[in-house]
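Novice: Chain order of the listed sequences is G and Z. Using my numbering, you'd call the opening residue of the first sequence number 26 and step up by one each time. Using my numbering, you'd call the opening residue of the second sequence number 27 and step up by one each time.
Check the hints yourself; a few may be wrong.
[As the list claims (entries may be wrong)] The calculated lysine to any residue pairs, modelled on SDA-like cross-linking and capped at a C-alpha distance of 20 Å, are:
hint : chain 1 : residue 1 : chain 2 : residue 2
1    : G       : Lys496    : G       : Glu378
2    : G       : Lys589    : Z       : Asn269
3    : G       : Lys551    : G       : Ile573
4    : G       : Lys516    : G       : Lys600
5    : G       : Lys589    : Z       : Asp285
6    : G       : Lys580    : Z       : Asp287
7    : G       : Lys589    : Z       : Ala397
8    : G       : Lys589    : Z       : Asp297
9    : G       : Lys580    : Z       : Asp285
10   : G       : Lys606    : Z       : Gly224
11   : G       : Lys606    : G       : Asp332
12   : G       : Lys345    : G       : Pro231
13   : G       : Lys551    : G       : Glu527
14   : G       : Lys467    : G       : Gln456
15   : G       : Lys467    : G       : Asp441
16   : G       : Lys600    : Z       : Asp297
17   : G       : Lys606    : Z       : Asn269
Everything labelled a hint here was simulated from the structure, so no lab data went into it.
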Amino acid sequence: MTYPIERIRNFAIIAHVDHGKSTLADRMLQATKLVDARDMREQYLDRMDIERERGITIKAQAVRMPYEASDGSEYLLNLIDTPGHVDFSYEVSRAMNACEGAILLVDAAQGVQAQTVANLYVAIEAGLEVVPVLNKIDLPAARPEEVAEEVAALLGGDPADILAVSAKTGQGVPEVLERIVAHVPAPRGDVDGPPRGLVFDSVFDPYRGVITFVRIIDGILRPDTHIRLMATGFHNGIDELGVISPEPRPVDALGPGEVGYFTAAIKAVELAKVGDTVTDHVRPAPQPLPGYREPTPMVFSGLYPVDSADFPDLRDALEKLRLNDASFTFEPETSVALGFGFRCGFLGLLHMEIISERLDREFDIPLVTTAPNVAYEVHLDERTLKPNEPRVVTVSNPAELPAPNRIDHLLEPVVDAMVLCPSEYVGAVMQLCERRRGELAKMDYLSEQRVELRYTLPLGEIIFDFFDRLKSSTRGYASLDYEPAGMRRSKLVKVDILLNGEPVDAFSAIVHADKSYEYGKAMVSKLRELIPRQLFDVPIQAAIGGKIISRETVKARRKDVLAKCYGGDITRKRKLLERQKEGKKRMKSVGAVEIPQEAFVAALSVGGD
Amino acid sequence: MAVVTHAADAVVAAPTPVSLPTPGAPGVYVHVPFCAHRCDYCDFAVTTGADALARRRSVAALPRELATVAAAGPAAVAPRGAAGVLAAPDGAADIAGWPVFGSVFVGGGTPTLLDADDLAGVVRAVATALPLAGDAEITVEANPETVIAESLATLVAAGVTRLSLGAQSFSPSVLATLGRRHDVSSVASAVTAARAAGVAQVSVDLIYGTPGERDADWHASLRQAVGLGVDHVSCYALTVEANTPFAARVRRGEVPDIDEDVQARRMATADAVLAAAGLRRYEVSNWARPGAESAHNRTYWRGGDWLALGASSHGHWQGRRWWNVRPTGRYLAAVEAGGAPVAGAEVLTAEQRRTERLLTGLRTVDGVPRAAVTPVDEAQIGALVRAGLLVDDAARLRLTPAGLPLADGIALRLLPARERC
Numbered sequence: 026m027t028y029p030i031e032r033i034r035n036f037a038i039i040a041h042v043d044h045g046k047s048t049l050a051d052r053m054l055q056a057t058k059l060v061d062a063r064d065m066r067e068q069y070l071d072r073m074d075i076e077r078e079r080g081i082t083i084k085a086q087a088v089r090m091p092y093e094a095s096d097g098s099e100y101l102l103n104l105i106d107t108p109g110h111v112d113f114s115y116e117v118s119r120a121m122n123a124c125e126g127a128i129l130l131v132d133a134a135q136g137v138q139a140q141t142v143a144n145l146y147v148a149i150e151a152g153l154e155v156v157p158v159l160n161k162i163d164l165p166a167a168r169p170e171e172v173a174e175e176v177a178a179l180l181g182g183d184p185a186d187i188l189a190v191s192a193k194t195g196q197g198v199p200e201v202l203e204r205i206v207a208h209v210p211a212p213r214g215d216v217d218g219p220p221r222g223l224v225f226d227s228v229f230d231p232y233r234g235v236i237t238f239v240r241i242i243d244g245i246l247r248p249d250t251h252i253r254l255m256a257t258g259f260h261n262g263i264d265e266l267g268v269i270s271p272e273p274r275p276v277d278a279l280g281p282g283e284v285g286y287f288t289a290a291i292k293a294v295e296l297a298k299v300g301d302t303v304t305d306h307v308r309p310a311p312q313p314l315p316g317y318r319e320p321t322p323m324v325f326s327g328l329y330p331v332d333s334a335d336f337p338d339l340r341d342a343l344e345k346l347r348l349n350d351a352s353f354t355f356e357p358e359t360s361v362a363l364g365f366g367f368r369c370g371f372l373g374l375l376h377m378e379i380i381s382e383r384l385d386r387e388f389d390i391p392l393v394t395t396a397p398n399v400a401y402e403v404h405l406d407e408r409t410l411k412p413n414e415p416r417v418v419t420v421s422n423p424a425e426l427p428a429p430n431r432i433d434h435l436l437e438p439v440v441d442a443m444v445l446c447p448s449e450y451v452g453a454v455m456q457l458c459e460r461r462r463g464e465l466a467k468m469d470y471l472s473e474q475r476v477e478l479r480y481t482l483p484l485g486e487i488i489f490d491f492f493d494r495l496k497s498s499t500r501g502y503a504s505l506d507y508e509p510a511g512m513r514r515s516k517l518v519k520v521d522i523l524l525n526g527e528p529v530d531a532f533s534a535i536v537h538a539d540k541s542y543e544y545g546k547a548m549v550s551k552l553r554e555l556i557p558r559q560l561f562d563v564p565i566q567a568a569i570g571g572k573i574i575s576r577e578t579v580k581a582r583r584k585d586v587l588a589k590c591y592g593g594d595i596t597r598k599r600k601l602l603e604r605q606k607e608g609k610k611r612m613k614s615v616g617a618v619e620i621p622q623e624a625f626v627a628a629l630s631v632g633g634d
Numbered sequence: 027m028a029v030v031t032h033a034a035d036a037v038v039a040a041p042t043p044v045s046l047p048t049p050g051a052p053g054v055y056v057h058v059p060f061c062a063h064r065c066d067y068c069d070f071a072v073t074t075g076a077d078a079l080a081r082r083r084s085v086a087a088l089p090r091e092l093a094t095v096a097a098a099g100p101a102a103v104a105p106r107g108a109a110g111v112l113a114a115p116d117g118a119a120d121i122a123g124w125p126v127f128g129s130v131f132v133g134g135g136t137p138t139l140l141d142a143d144d145l146a147g148v149v150r151a152v153a154t155a156l157p158l159a160g161d162a163e164i165t166v167e168a169n170p171e172t173v174i175a176e177s178l179a180t181l182v183a184a185g186v187t188r189l190s191l192g193a194q195s196f197s198p199s200v201l202a203t204l205g206r207r208h209d210v211s212s213v214a215s216a217v218t219a220a221r222a223a224g225v226a227q228v229s230v231d232l233i234y235g236t237p238g239e240r241d242a243d244w245h246a247s248l249r250q251a252v253g254l255g256v257d258h259v260s261c262y263a264l265t266v267e268a269n270t271p272f273a274a275r276v277r278r279g280e281v282p283d284i285d286e287d288v289q290a291r292r293m294a295t296a297d298a299v300l301a302a303a304g305l306r307r308y309e310v311s312n313w314a315r316p317g318a319e320s321a322h323n324r325t326y327w328r329g330g331d332w333l334a335l336g337a338s339s340h341g342h343w344q345g346r347r348w349w350n351v352r353p354t355g356r357y358l359a360a361v362e363a364g365g366a367p368v369a370g371a372e373v374l375t376a377e378q379r380r381t382e383r384l385l386t387g388l389r390t391v392d393g394v395p396r397a398a399v400t401p402v403d404e405a406q407i408g409a410l411v412r413a414g415l416l417v418d419d420a421a422r423l424r425l426t427p428a429g430l431p432l433a434d435g436i437a438l439r440l441l442p443a444r445e446r447c
C-alpha cells in the first residue's frame with residue numbers, strides 16, 4: 026500500500042548552525058507523538074558522534090511523521106534533515122530537491138546569517154514553498170520584530186505572518202505543523218510509470234551494506250524490486266525496503282512522494298551516490314532525474330604516516346572511510362621529505378577536518394597533515410613541451426608545480442562569497458577581503474543594520490583561516506557562504522622552504538607574487554618557533570625559484586645531559602630515554618631535522634593579515 | 027646537599043703513583059642517609075635532625091646487612107640462571123663465590139656525620155665480609171664542615187683512600203642560594219687536614235648554573251678548587267628536582283629557572299680551567315689528574331657490577347638491578363628483623379642493557395665499545411660525525427668535547443627504532 030499522495034508533505038529545515046534546527050526536529054517528533062518524552066534524547070536524528078559533539082549535521086536524515094491535522098485528516102510529514110555547511114552544498118541541494126517545502130528557521134536574537142541565505146536561494150531555486158519561522162523567542166535577547174522585518178525583506182510578504190516558536194519549550198510548534206500541512210504543496214508523480222527515486226543520502230553499514238535514502242518521484246518500489254542506480258550502473262535485488270519512523274521499519278511499498286530507504290548488498294557508498302536516480306532494472310525509466318553530478322574535491326592535503334611502517338594501515342583506513350564517504354578522494358603520492366603518503370581531496374575545510382578527526386579517532390594512526398591547498402590549472406609554455414605532454418595540467422600538490430620558466434600562466438579557483446554582517450563592521454570585512462585579494466561585486470543593505478557583501482575571492486585565500494579572521498574582526502557577528510565561480514588567471518609563485526639547506530617539499534606553497542616575500546618571511550619565522558632546538562643548528566630558508574628570500578636559524582642545543590649518572594640514576598635515565606623515544610614517534614624526521622607534526626599545518630597560520 | 031653524589035671523586039695529589047684496582051672488578055656502595063639538614067635543591071634519600079639513636083642503629087644495621095648479603099653469595103643478586111660468579115681476572119673467588127672487589131664508596135647523606143670510629147667500623151665491616159683487593163679504592167663522602175683531623179686519621183687507618191668533599195661553590199652568595207651552611211674557608215681546611223692525615227686522593231664537588239651565579243663567580247670557584255691542589259673535581263650543573271624547596275621557588279617565580287645555555291657556557295669554562303691545571307675530563311661531570319679517576323664510578327659507566335647497602339641504595343649484578351627501601355626507618359626495621367631491606371628488583375632485557383650501556387658509556391671520554399650497544403641507528407651516525415659531535419672508529423663510539431654536553435640527546439638519536447610487533 027502506498028500512501029495517498031495528496032496527504033504527503035515533504036519538507037526540509039534551513040537554519041544556521043545553532044539556530045535550533047535539531048531541537049525543532051526533536052519537538053516535531055514529540056508533537057506528532059512519534060517519540061514520547063521518555064524516549065526523547067537531544068539531536069535525535071543525528072547519529073554520528075562527531076555530529077553530536079559538534080552540534081552539526083553531516084549526514085542527511087529523513088523521518089516519517091504521521092500527523093493528525095486540525096482538519097481531522099491524517100497527513101504524512103517527511104522531515105528531511107540536511108547538513109547546513111557550505112562544504113556540503115551539493116548534498117543540501119539534493120535533499121532540497123526531495124522536498125516541496127522548507128522551513129526557514131531564524132534565531133530571533135542573531136538574525137539572518139549568510140549560510141541561511143545561501144541555502145534559502147537553493148530552496149527557492151528548487152521551487153520549494155518556504156515557511157519562515159523565528160526561533161528562540163523565549164530568549165531575553167530576542168528581537169522578533171526586527172528579525173521578522175529582515176526575513177520579510179528576503180522573502181517578501183508580511184512580517185506579521187511569520188510564525189514564532191521556542192523549539193526549546195515546544196511553544197508554537199503545533200502551529201508550524203499546521204502551516205506545513207496548509208502551505209506546502211503535496212508531491213506530484215506518475216504512480217504507474219517506471220520507478221524513479223532521487224538518492225539524497227547513503228550511509229555505509231558494516232552488516233547490511235549501504236543504506237540508501239530515497240525520495241520516490243514516479244512509480245513504486247517494492248521489496249522484490251531489482252533496482253538499478255542509473256549513474257553508477259549498479260543493480261541488485263532489494264534486501265529491505267523501509268522508512269525511518271523514528272526507528273527503521275520495513276514497508277511493503279514506497280510510492281510517489283514517499284521517502285524511505287532500501288538496502289541491496291551495496292558494498293560502498295560510491296555505488297549509491299547522492300544525486301543518483303534509482304529505477305527498476307527490469308523496467309527502467311528512460312531518463313534519470315536531472316541534477317546529478319560527481320562530487321568535486323575543492324581542497325587538497327597530503328596525509329602521511331609519521332611512522333612510514335604505518336603506510337599500509339593508513340591505506341586500509343582511507344579505503345574504509347571511503348566506503349561511507351564517496352566525496353573524498355585519495356591517491357598515493359611520494360614526498361621527498363615525508364615518504365609515502367596520500368594526496369586527499371575534500372569538499373572543503375570542514376570536510377577535511379572531519380576526515381582527519383575520524384582517522385585519528387577510529388584508526389589511531391599518527392599522521393602528518395600538510396597545509397591545505399587548492400588545485401591550480403597550469404598552462405605550460407608551448408616551447409617547453411615534451412612530446413605528448415599536455416599543455417594544461419592540474420596541480421593539487423604545490424611541490425609538483427613545474428619550474429617557473431616552463432609556466433606560461435596559472436589559473437586558480439575563485440568563489441563567489443557572501444558575507445552578512447552588522448553595518449559597523451563593513452570596513453573591517455572589506456579590509457580583510459581586500460588583503461585576501463577579493464574583488465567587491467556587490468553591497469546591499471538588508472536593513473539599516475545588516476549588510477550583505479559579495480566578493481569574488483580566490484579559494485586558496487579562504488580555505489585556511491579566513492573564516493576565523495572574519496569572525497574575530499567582527500566580534501563573531503559576520504557569517505560567510507560561498508560557491509565555486511570557476512578559474513581565474515593569477516600571478517602566482519611557489520615558495521619553497523629549505524631546512525638545513527634541503528628543500529622540504531611538504532612545506533612548499535603557492536602564493537600570489539605580491540605577497541610572496543611577506544609570506545616567506547612569516548613562514549620562516551613561524552617555523553623557527555615551531556621547530557625545537559636540536560643537536561645541530563637548523564637553518565630555515567624560504568626560496569622562490571632558487572633565490573633565497575628569507576633566512577633564520579634554530580640554534581643548536583648546547584647542553585642536553587643529566588649532571589649525575591650514578592647507581593640509581595641509571596634506571597631512571599633509561600626509563601626517561603625510553604619515554605622520549607616513544608615521544609619521537611610524534612615527530613617526523615626530515616634528513617637530520619626532527620619536525621613536530623603540528624608544524625606542517627600550524628605553519629600556515631601565517632596568513633599575513 | 028646531602029651530598030649524595032656517589033660520584034665525587036677526588037684524589038689527593040698523591041706524590042706517589044696510585045696503584046689501580048683490577049679493571050672490571052666489582053664495587054660496593056654503602057649509603058649513609060644522615061644529613062645535618064636538607065639542602066634546598068636536594069631530593070636524595072636523607073634523614074635530617076639529630077637522631078642519634080637512628081645513627082647508632084644504622085651503624086649496627088649496615089654490618090648486619092653486609093654479612094647477610096655476603097653469606098648469600100653472588101647467586102642471590104645475579105639474575106636467575108646467570109653464572110652467578112664473576113670470575114675475577116686472577117681466578118680468585120672466596121668461599122661464597124665472590125670475586126675480588128676493587129672499590130668501596132660510602133656516600134650519603136653525610137657519612138662523616140657518623141662518629142669516626144663508627145664510620146671506620148662500617149668500612150672495616152666491608153673488608154671483613156667481602157674479598158677486597160689490597161689496592162682497593164675506598165671513598166668516603168664528606169661535607170667540609172664535618173671534617174676534622176682526628177677523624178680523618180681514624181678513617182685512613184681503616185683503609186679509606188679517597189675523600190670526596192661537597193664544596194659546591196666558593197661564592198658565599200651562591201652557597202646561600204643553595205641553602206648550604208658551610209663556610210667557604212672550611213673547604214681549604216678540610217683539604218689540608220685530609221692531606222695531613224694521609225688520605226691518598228681528595229676530590230671536590232662543585233655546582234654551577236645556580237640562579238644568581240655570575241660567570242666570574244664560577245670561574246673563581248674553579249680557580250680556588252684548583253688552587254687547593256685537589257686531584258679530582260666533579261662539576262655538576264644545578265638540576266631543579268621536582269618536590270624540592272628550590273623547585274617551589276622557581277615555580278613561584280622567586281628565582282629564575284635554569285638557563286641551559288648559561289650552564290653550557292659554565293661547563294666549557296670548567297673544562298678549560300681544569301684542563302689548564304692538568305685535570306683531564308674523563309666523564310661529562312668529572313675531571314681528574316691522570317691516574318686519579320674514580321675506579322668506583324667508572325664501574326657505573328662501564329656496565330660493571332656493584333653491591334648496594336643501606337637505605338635507598340641501588341645495586342647491579344650482571345643485568346639485574348635491585349634497590350633497598352628508601353625510608354631509613356623501614357630500612358632499619360627490615361634489617362633488625364633479620365630480613366632483606368630490598369624494595370624491588372628488575373632483570374634487564376638485552377635491549378635495556380644495550381640502552382644503559384649507550385647512555386652511560388657515551389658520558390665517558392673513552393666512549394663505549396660498539397659491540398656492547400649494537401644495534402644503533404646507523405643512519406644517525408654519519409650526521410653526528412659530520413657535525414663534529416661523535417667519533418666512530420670501528421671498535422668504539424665516543425663523543426667529542428663538543429658532543430659530551432649533548433650526550434643524552436645523542437644517545438636518544440642513536441637508539442634504534444623499536445621493532446614493530
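Novice: Does each hint hold? Answer for all of them.
Specialist: Do the hints match the structure? See the list:
Straight-line distance between C-alpha atoms of Lys496 (chain G) and Glu378 (chain G) comes to about 19 Å, which keeps the hinted pair within the 20 Å bound. Between Lys589 (chain G) and Asn269 (chain Z), the direct Cα distance comes to roughly 18 Å. Compliance with the 20 Å bound is thereby established for this hinted pair. With a C-alpha separation of about 17 Å, the suggested pairing of Lys551 (chain G) with Ile573 (chain G) holds against the 20 Å cut-off. Under the criterion of a C-alpha separation no larger than 20 Å, the hint pairing Lys516 (chain G) with Lys600 (chain G) is inconsistent with the structure, at around 54 Å.
A C-alpha spacing of about 18 Å is found between Lys589 (chain G) and Asp285 (chain Z), which places the hinted pair at or below 20 Å, so the restraint holds. Taking the CA atoms of Lys580 (chain G) and Asp287 (chain Z), the gap is near 11 Å; set against the 20 Å cutoff, the hint holds. The straight-line distance between the Cα atoms of Lys589 (chain G) and Ala397 (chain Z) is roughly 25 Å, outside the 20 Å bound, and the hint therefore fails. This hinted pair checks out: Lys589 (chain G) and Asp297 (chain Z) have alpha carbons roughly 16 Å apart, not beyond 20 Å.
Restraint check for Lys580 (chain G) and Asp285 (chain Z): satisfied, since their Cα atoms lie roughly 15 Å apart, inside the 20 Å limit. For the proposed pair Lys606 (chain G) and Gly224 (chain Z), the alpha carbon gap of about 48 Å is over 20 Å, so the pair is violated. Taken as a hint, the Lys606 (chain G) and Asp332 (chain G) pair is honoured in the structure, with Cα atoms around 13 Å apart against an allowance of 20 Å. Distance check on the hinted pair: Lys345 (chain G) and Pro231 (chain G) sit about 10 Å apart at the alpha-carbon level, within 20 Å; holds.
Distance check on the hinted pair: Lys551 (chain G) and Glu527 (chain G) sit about 18 Å apart at the alpha-carbon level, within 20 Å; holds. Straight-line distance between C-alpha atoms of Lys467 (chain G) and Gln456 (chain G) comes to about 15 Å, which keeps the hinted pair within the 20 Å bound. With a CA separation close to 11 Å, the supplied pair Lys467 (chain G) and Asp441 (chain G) stays within the 20 Å bound. Taking the CA atoms of Lys600 (chain G) and Asp297 (chain Z), the gap is about 29 Å. The hint is violated against a cut of 20 Å.
This hinted pair does not check out: Lys606 (chain G) and Asn269 (chain Z) have alpha carbons roughly 25 Å apart, beyond 20 Å.
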